[in-house]
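Participant: Chain by chain, the residues run as shown.
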Amino acid sequence: MTMVYYAIQQTVNALSIGSLYALMAVGLAMVFSILRLINFAHGDLMMIAAYLAAFALFANVPLGLTVIFIIAGTVIVGLLMERIAYRPIRGAPDVATLLTSLAVAQILQNGMLLTTRFLGQPIQIAFPTPAVLNGVVAFGPITVPRLNVVSLAVGFIALVSLSFFVTRTVPGLSMRAAAEDLTAAQLMGININRIIALAFAIGSGLAAIAGLLFAVQAGQINPYMGFTPVLKAFIAAVIGGFGSIAGAVVGGFVLGALEVLLTALPGIGDILPPGMVSPSTQALIQQWLPSSLTGYRDAFVFVALILMLLFRPNGILGRPDREEMR
Amino acid sequence: MLKLSNLHVYYGSIRALNGVSFQVNEGELVALIGSNGAGKSTTLKTISGLLRPRQGAILYEDADITRTAPDRIVALGISHCPEGRRIFGGLTVRENLRLGAVQRRRRTDMAADMEWVLSLFPILKERLSQSGGTLSGGEQQMLAIGRALMSRPKLLLLDEPSLGLAPLIVEHIFQIIRQLKQQGKTILLVEQNIHQALDAADRVYVIETGQITLTGTPEELKHNPQVEQSYLGK
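Residue numbers (our numbering), protein chains in the order written: chain A, 1 to 326; chain B, 1001 to 1234.
Some hints could be false.
Claimed, not checked - Take a look, some chain B residues computed to stay more than 10 Å from chain A by CB distance:
(1) L1099
(2) M1114
(3) A1148
(4) D1202
Stated by the list, open to error - With beta-carbon atoms standing in for the labels, derived distance ranges:
(5) A:R87 with B:G1019: 30 to 36 Å
(6) B:G1019 with A:L114: 51 to 57 Å
(7) B:N1018 with A:A103: 51 to 57 Å
(8) B:N1006 with A:F165: 30 to 36 Å
(9) A:I306 with B:A1075: 32 to 38 Å
(10) B:A1075 with A:G111: 48 to 54 Å
(11) A:G111 with B:R1052: 22 to 28 Å
(12) A:P313 with B:D1202: 49 to 55 Å
(13) A:R87 with B:Q1023: 32 to 38 Å
(14) A:F302 with B:G1019: 34 to 40 Å
(15) A:L99 with B:S1119: 49 to 55 Å
(16) B:A1075 with A:T263: 43 to 49 Å
What the hints assert, rightly or not - According to the in silico footprint, chain A covers these stretches of chain B (three or more CB under 8 Å from chain A):
(17) 1033 to 1040
(18) 1175 to 1183
These are calculated hints, taken from the structure and not from any lab test. Positions of the beta carbon are idealized from the N, C-alpha and C atoms, including for glycine.
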């Protein structure tokens, strides 16, 4: 039975990590689908949200208000980013927009670095995790970190609302139309500046939620904390089919599952209950899946990315490029 | 209703329109004909605000719309059905039509417009929940025109509605265009199918290398030796 509980715990972990990646990947995918812009500064929105949350929580602002505050603050930063950095170069070659996004990332990171220095804080600060997000929840014999349950629930609610938005509302439909054909969308009378700003706003809001959850999970924050998550979100989006919102969600969960699998499987031979498999099989498992493999997790993730790009470059849900169809 | 004066439009350093002037009066069906690359589509894109002229002006109902944004131009009552249909293939037919009316505020009007568009193109009624990409070429063209009509335009810009369609379907599309004219729509039609265009139009402009070179009624142009030689293949 313990193995079943273990599997359930790991599944919850996978789903909660997956929903974090999905929250991030969706923001990347939404902006990319309309503008063909890979916004590497997206991870830094998460970082800004984490800092805003830390400042608010240090000041004893209640968690509910803190969440509203960080979402509002991050959305404002996201909108400013679009207005100041990306709108003026709209239509420029992809290389130019990519470099711009890297520059924006640098500016946000160094801006935060200067801010923390100005406030007399060290580069790395401990995140003041609210008590509600600490500890574990027990479902009978299964215990799961409370944070994972919250991540899963919040991610689920956010993604369901998003799916309602893109399929059932006129701004959502306009966004999908703009992603398919920006010129035709303009001819419908869609104000594309507004739709693009909306895509940035939604992506920033989701990044804010992910930033808070990520900061709680990591326990500490620094100005560079957005880099790894944005890479992971990028991988998730590529796995799912870049530029597709549904693909980003699927990719996020696939990546979460992959990572948890790569963490849980190595060393599994050591914790197998006695009598479950024969001793020789157990020895074989211990030999081929040693716990030291865990350290190679990210390497395996990137191998998976490369394989995906080689064999299914359009991702799980991706459709062939327009160029290919011609 | 619409008056273009001395439009000069460039793509980068390449000149596409070199002083185009013409006008469309209310209730008219005006055809703009010419060969590939003459500047027909460029003219329409400039009217709908996708391109900005370097020089010249566009007046619509006596207001200057030369520098107005595309979404505002739709709100003013000009709808542009682009070349190559450009429907949203991943969206359903209903969603495509819904987006055509994105500028409209009142839901009741929209339902009536939807009914009217579906009565013009009954085939679309059977396809409402299908995604646009699964339609045949002719159905896609009907959807593109229907979508453009959903904004209830006073002036409809049609860019090559017969492009790549079978003769029977072309005939059907032109029947609809005549019907729209009878219902009082003002239409500016760009066509390479000269016979159909001359049959349907009240007046015709001929554009060559970015300039209007000829104008007249279809009757006059049909008997113009230059038109006969260049476009009617006589």
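Participant: Hints first: check each against the structure and report whether it holds.
Facilitator: Status of each hint after checking the structure:
1. L1099: violated (5 Å)
2. M1114: holds (14 Å)
3. A1148: violated (8 Å)
4. D1202: holds (25 Å)
5. A:R87 with B:G1019: 30 to 36 Å: holds (32 Å)
6. B:G1019 with A:L114: 51 to 57 Å: holds (55 Å)
7. B:N1018 with A:A103: 51 to 57 Å: Taking Cβ atoms as reference, N1018 of chain B and A103 of chain A lie about 40 Å apart, which means the hint is violated.
8. B:N1006 with A:F165: 30 to 36 Å: This hint is violated: roughly 46 Å between Cβ atoms.
9. A:I306 with B:A1075: 32 to 38 Å: violated (49 Å)
10. B:A1075 with A:G111: 48 to 54 Å: violated (39 Å)
11. A:G111 with B:R1052: 22 to 28 Å: violated (35 Å)
12. A:P313 with B:D1202: 49 to 55 Å: holds (52 Å)
13. A:R87 with B:Q1023: 32 to 38 Å: holds (35 Å)
14. A:F302 with B:G1019: 34 to 40 Å: Since the Cβ atoms of F302 of chain A and G1019 of chain B sit about 58 Å apart, the hinted range of 34 to 40 Å is violated.
15. A:L99 with B:S1119: 49 to 55 Å: holds (53 Å)
16. B:A1075 with A:T263: 43 to 49 Å: violated (55 Å)
17. 1033 to 1040: violated (count 0)
18. 1175 to 1183: It is violated: at least three residues are needed, and the segment 1175 to 1183 of chain B offers just 0 whose Cβ sits closer than 8 Å to chain A.
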